[in-house]
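Q: Residues per chain, in single letters:
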Amino acid sequence: MIAAAASVVGLLVVGGGVVRSDYMTRQDVVREQPVPFSHQHHVAGLGLDCRYCHTSVEESATAGFPPTHTCMTCHSQIWTDAPLLEPVRKSLATGTPLRWTWVNKLPQFVYFNHSIHVAKGVGCVTCHGRVDTMPLMRRAQPLLMQWCLDCHRNPAPNLRPREAVFDMTWTPPADAEAFGKTLVERYHIDVGNLTHCYICHR
Amino acid sequence: MTGRAAVLGALGALLLIAACDQRMIKQDKDIVWGESKLFEDGKVVQAPPPGTVARGELAYEATLGERPAMSAALLARGQERFDIFCSPCHSRLGDGEGMIVQRGMPHPPSFHSQRLREAPDEHFLQVIANGYGAMYSYASRVPPTDRWAIVAYIRALQLSQNVEVAALPADARERLEGAGR
Numbered sequence: 001m002i003a004a005a006a007s008v009v010g011l012l013v014v015g016g017g018v019v020r021s022d023y024m025t026r027q028d029v030v031r032e033q034p035v036p037f038s039h040q041h042h043v044a045g046l047g048l049d050c051r052y053c054h055t056s057v058e059e060s061a062t063a064g065f066p067p068t069h070t071c072m073t074c075h076s077q078i079w080t081d082a083p084l085l086e087p088v089r090k091s092l093a094t095g096t097p098l099r100w101t102w103v104n105k106l107p108q109f110v111y112f113n114h115s116i117h118v119a120k121g122v123g124c125v126t127c128h129g130r131v132d133t134m135p136l137m138r139r140a141q142p143l144l145m146q147w148c149l150d151c152h153r154n155p156a157p158n159l160r161p162r163e164a165v166f167d168m169t170w171t172p173p174a175d176a177e178a179f180g181k182t183l184v185e186r187y188h189i190d191v192g193n194l195t196h197c198y199i200c201h202r
Numbered sequence: 001m002t003g004r005a006a007v008l009g010a011l012g013a014l015l016l017i018a019a020c021d022q023r024m025i026k027q028d029k030d031i032v033w034g035e036s037k038l039f040e041d042g043k044v045v046q047a048p049p050p051g052t053v054a055r056g057e058l059a060y061e062a063t064l065g066e067r068p069a070m071s072a073a074l075l076a077r078g079q080e081r082f083d084i085f086c087s088p089c090h091s092r093l094g095d096g097e098g099m100i101v102q103r104g105m106p107h108p109p110s111f112h113s114q115r116l117r118e119a120p121d122e123h124f125l126q127v128i129a130n131g132y133g134a135m136y137s138y139a140s141r142v143p144p145t146d147r148w149a150i151v152a153y154i155r156a157l158q159l160s161q162n163v164e165v166a167a168l169p170a171d172a173r174e175r176l177e178g179a180g181r
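Chains as they are written, first to last, in the working numbering: chain A, 1 to 202; chain B, 1 to 181.
Isolated chain A (complex conformation):
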């Protein structure tokens, strides 16, 4: 009986560990995409701003995936014969959108909103990592509740000026702590209320 109980507890512990492991959270796993799109190439190499493609990120809950039209603003003229880009050309010709694999995906009982984070000075790099060094997209953070809460409890050290939100290489000034605190005030961040369940489960 004790053995049984022990094995139950043991398995639960292991199970709990599995649920929070990189395997289950899919952190750092590269996923299959219809086109091997490289952020490294387009962001670091060509200097494109995130908003050229993820245009809605400042105004809406989602950052979104660029429509085929956006790729074709360049690829109608350059690399027009590249076999890698065949699915893009086919998508434009047939009007069928490309089906990008969603790499960062929350359970549907969680409410998330990009625009508020952008407006209050949380950088893309804080949640998505150095996208500009990724030849293929992968998840940089576990996206667990604990991770959201760690920041919601004390956002100050993770804030930056709004103008630097899209900057992948911004570094805080020497007195980072004081600087974070001034940003909390400047952007009127209501720290005490950010951990209420209804903020993320509505």
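Hints are supplied without guarantee of correctness; some may be wrong.
As the list claims (entries may be wrong) - Below 30 Å or equal to it, Euclidean Cα-Cα: the simulated DSSO-like pairs (lysine-lysine) are:
#, chain 1, residue 1, chain 2, residue 2
1, A, 105, A, 120
2, B, 26, B, 37
3, A, 105, B, 37
4, B, 26, B, 43
5, A, 105, B, 43
6, A, 90, B, 43
7, B, 29, A, 105
8, A, 105, A, 90
9, A, 105, B, 26
10, B, 29, B, 43
11, A, 181, A, 120
12, A, 90, B, 37
To be verified - Residues from chain A that face chain B, not an exhaustive set, calculated with beta carbons under 7 Å:
#, residue
13, 44
14, 46
15, 49
16, 52
17, 55
18, 62
19, 73
20, 74
21, 77
22, 78
23, 108
24, 109
25, 139
What the hints assert, rightly or not - A few chain A positions that, by computed beta-carbon distances, are all more than 10 Å from chain B:
#, residue
26, 35
27, 130
28, 144
29, 154
30, 180
The set of hints was computed from the structure by calculation and includes no laboratory data.
This one's a predicted model, so the numbers in the text were calculated from it and none came from an experiment.
Just so it is clear, CB atoms sit at the ideal spot from N, CA and C, and this is done for glycine as well.
Dock chain B against the given chain A, drawing on the hints supplied.
A: Chain B in isolation, oriented as in the chain A frame:
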């Protein structure tokens, strides 16, 4: 006996863990960027039927008819939007030497040509909305108010590359002449 209990216990625990993944992760609702079972083409965000006019759309389009007053805020917005959407090809200077052009995009004309300096604002608004030759439309990404902001900024760029020395403020003139021109 303890052996069998342990196995049973283990199986029970496995069931429990399996149940851990029966959360409300996937719900029977359509989410933006997800896949729809409701529509044949699988798109959640459907295009409106042809000919429909959305609420507020006319007022939105009407902002195109009226040039907003020039202000520092308008120029700052224009600079930001220009750098995001136009500079990859037209370059931050507007001379058409952008990064994508260096990688094989056809060379756009410089904004500092006599023709484009004299072109009316409407021409720029038209090009942003409808595209021009090899350039695609930016209508879906640059809303009407931002189009005006970009035009204002292009005007500032044009001025920056084409100004009489005598028209400069005194300190700027001194610096220029001090630089040994």
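Q: If you test the structure against every hint from before, which numbers come out violated?
A: Going through the list in order, the structure violates hints 13, 25 and respects the others.
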